[in-house]
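K.L.:
Here are the chains, one letter per residue:
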Amino acid sequence: MGRFRADWEGPVLECRDLSISYDTRAAQIPAVQDFNLVLNRNETIGLVGESGCGKSTVAMAIMRYMGKNGAITGGQVLYKGIDLATLTDAQLRALRGNEIAMVYQEPMASLNPAMKLDRQLMEVPIYHDGAGEEEARRRALDMLAKVKLPDPERVMASYPHQISGGQQQRVVIAMALLSQPSLLLLDEPTTALDVTVEAGIVELIAELAKQQETSMIYISHNLGLILETCDRINVMYSGQVVEEGRVADVFDRMRHPYTRGLFGAIPLPSADKTARPLRAIRGQLPLPHARPEGCYFGPRCDHFQAGRCDQGPIAMESVDPDSNQGARCLRWDEIDWARDEEGFTQAPHPTFGEEVLSVEAMKKYYTLSDGSLAAIIAGKQTRQIKANESITFLAREAETVAIVGESGCGKSTLAKVLLGLETATDGQVNFHGQDLGKTQVQRRKREDVKAMQMVFQNPFDTLNPSHTVGAQLGRVIRKFGGINDGDAVRRRVMQLLDIVKLPADFYYRRPRQLSGGQKQRVGIARAFAGNPTMVVADEPVSALDVSVAAAVTGLLMDIQRSYRTTLLFISHDLSLVRYLADRVVVMYLGHIVEQGTTEEIFSPPYHPYTEALLSAVPIADTSIEKKRIILEGSLPSVIDPPKGCAFHTRCHRKTEGLCDRETPPKIAAGPGHEILCHIPLEDLAAIEPVIVQKDKAAAARG
Amino acid sequence: MADAFSLPKRPSLAVRVFGPFLLLRESWVGMIGLSLVLFWVLVALFAPVLAPFPPNAPLMALQVPGADYPTAPSTLIDGVPAAEICAAIPGNAAQVDCGTFWLGTDLVGRDVLSRIIFGAQQVLIYAPLATFLAYLVGIPMGLWAGYSRGMADAVFSFISNVILSFPVLVLYVLILVTLPRSAAIIVAAVVFAAAPGIFRIVRGLAMDLRAREYVAAAETRGEPLWYILFMEILPNARGPLIVDAMLRLGYVIITIGTLAFIGLGMPPPDPDWGRMIAEGRTTINFMPHMALFPCLAISSLVLGFNLLADGLREVSLRD
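If you read the protein sequences in the order shown, they are chains A and B.
Numbering of the first sequence is given in my numbering, commencing with residue 242 and proceeding in unit increments.
Numbering of the second sequence is given in my numbering, commencing with residue 267 and proceeding in unit increments.
Keep in mind that the hints were calculated from the coordinates and are not lab data.
All C-beta atoms, glycine included, are put in the ideal place defined by N, C-alpha and C.
Take these hints with a grain of salt, some might be off.
[Said to hold, decoys possible] To give a feel for the contact side, a few chain A residues facing chain B, derived at Cβ under 8 Å:
1. Leu660
2. Val682
3. Arg685
4. Val690
5. Asn699
6. Arg767
Make a model of the complete structure from these sequences and hints.
P.N.:
If you want it as structure tokens, here you go:
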């Protein structure tokens, strides 16, 4: 089969005034309006925007997978100059997979769990190019090597569940590339992955963008990833592109208030919780059938002018014809873009009080019983999972301590032990000077339970869908507050709703009537209902959109500040941790590998794992230069942890014969700054910093 | 101070209770099911008003003599003057015209229609009662086993598996033959056989729901077990459970009918659909009405519950 229009020199993909609608029971919902895009050969365009802005809908429309109720209601999608609407179903099928390929967010859902990977990969050349078995196998192996999978032969012979998530996503990308598509659509390809794994995939994508003859559309909500992978960017808001241009131009000289709002809401290295706090975009994304007249961003915009911004549809205005930068804003050249950089409300620097929590040599082992015949014969029917190994740290009043690590590092287990959902195997958990490590939550005194509460991660799961907001908060108050009088409880609930800045009529709402951010606010209100002295927050904003996350983070910090609560912030997002934490604890495979103040963690000397983590975090700032450290391999299993240093299997600085044999010592790099490593302190201190701010003047804004 | 937190208006009780049921309007299958069920509920409620004859009164004039079934006329009512029939009803001699036997009479001269109407009462009391009691047993066990796992789960699951692995009909025969036959024992037998299935469903739902963060939130504030089971987990399992209850109610109606059919039902003479079918079975070739109409009654009621379950499922999957 020959390539489709192999001699085509023009843009690979062109969307002209594309409009997409979905029919629902209520009404026809215009999901995307007036979408224009020109994707040239070997170019990568990023589509960025918050959930519900229509970025995935665009990808689906390009693939023409819109379901029964979706339709293109206007405009055209031209692939190599051919309008896709004119093609028959058979022709479209030939294009998909062959010419246009797509990589989805969840790799496990893209692979067939019942088939070995060799068949799944070989299917592509066999089906699309009519290749023979031998050739298909050879091509599949080549491609696996190309996406840098170690030991392609072994991967080929595995089922999807036998390889890690990062490897699965590499296989999916390999599968997409096997037919040598001219266009590759990537829909949040790394969102489901850990940050160090993400870094590897992003590097791979950026490399492929350079060498392959493939144009790409990269959909993401993460501006940092867009910076690392894309040439151009389209910022979408409420179904429209509000700003487009070259990545560097849009990042340094954005000309749409929404883009500016997005950048103000993400914790860039320039943000600081006392001097330069994050600014959330006020209000909420309008529902597709309730968009305002004129500029859709109008009601949330600081530069809104009544009588001008709310009159009729707003067209894309050219900002810079040379680089094709455009903004859908009437006032882009009137706004004083520099002024937004100032006027931050300064918050006082917190002073820490006495010690609230002190964890000493805490261990949590789970016993796993193995009933297999082999285990019975070997006489080893129980194995131990060392989820937490000798954890020692402390937290003071009004202090924010971040616990950082990838999934499986034991941070959630630690939270469970602290809260009494599990009991420690050994060591102490001193809370206000009292050891609670071996006391389950049901046996703890009411004051202790009340004093330590938790904010959960998943907004869709944190509230009970069967009870109203008022009833759920009321229950906590009755339980902890010692208030039983109905009116008093209700008054206190109202007060709590007010603290988390929710209107009083949320009292009788049910969780399904609330947005993700609102649910998370109720979750915060619930945690603070009993006036706790310490709150454990498990990734409270990781599932929220950028601007909502900023608002929730700000709220959490405000409440913490006014009640002088100790905050234990569990996260994998180092940008956010740098922004809000006072001290950081870095965990790997159940061990604390490094701890210290935020400044100490974010500058040398580093533990090699901290160094790799820092390098992996995507930063949406063009003036930042990062060292690239890609960790090899995947996280070892806690059931069978590596000997010696737990990190040696992936460490880029390991010493053979030492790190894989002996347990590393704790190096004191300063008061309270500890590193668990064999490398001498002076060598660690000599490491150049991972994140370097380039000359700010060179990247002058506006 | 109190004024600053003025309470918003609470939705009225009617909206909160009946609001969800209004959704059923969107499913025509569900509406048909609901109509069938409501029809039988109304029939049962107004049975004394609706039934043209007392259900247990045999009309001597219409009785088929002895065992001479083959010679009996195929239509018992045709040609018999109404006055004569009415006069034959014991204690009703004074009344002149009291209607027609719309669905005929049975072998002892009882009006089939009236017996079906009063039979509806019987079915709609014992089947829901048995189902309800089965849930009352199955839900707490299922919640406890699914949430706590461990020993409680192992013990309950084993017991329920043993019961489930037994042929149900043999089980019923064993219970009802060894114990004195009464309504209470029949209900108990149905509960005994149905509760394990309910246990398994609830256990599965609880095992899924226990991993939710709101359950963890309840644990972190030290809620007692009963609160977590009945306030945090159970309300969120109600959707599938209501659908299952409707289906199960249908099965229980069939079960009670079957038991009556094989002679293990409620003691006579009160009308019972299953026993009516059994009585009409012998003459089904030439006098099908005695078995046919009770059959239709059972089918329509069971179909009603099944369609209602389908409708509820359909509605609950939307949104």
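K.L.:
Would the hint on Arg685 of chain A stand, with a C-beta cut-off of 8 Å toward chain B?
P.N.:
This hint holds: Arg685 of chain A lies near chain B, its Cβ roughly 7 Å from the closest one there, short of 8 Å.
K.L.:
Regarding the hint that Asn699 of chain A lies at the interface with chain B, is the smallest CB-CB distance below 8 Å?
P.N.:
The hint holds - Asn699 of chain A has a Cβ within 8 Å of chain B, the shortest such distance being about 6 Å.
K.L.:
At a threshold of 8 Å, is the proposed contact between Val682 of chain A and chain B supported by beta-carbon distances?
P.N.:
For Val682 of chain A, the interface hint holds, since the closest Cβ of chain B sits about 5 Å away, which is under 8 Å.
K.L.:
Quick check on the hint: Leu660 of chain A CB to chain B CB, less than 8 Å?
P.N.:
5 Å, holds
K.L.:
For the hint on Arg767 of chain A, just tell me whether its beta-carbon gets within less than 8 Å of chain B.
P.N.:
For Arg767 of chain A, the interface hint holds, since the closest Cβ of chain B sits about 7 Å away, which is under 8 Å.
K.L.:
Given Val690 of chain A as an interface hint, is the shortest Cβ-Cβ distance to chain B below 8 Å?
P.N.:
4 Å, holds
Of the numbered hints listed earlier, not one is contradicted by the structure.
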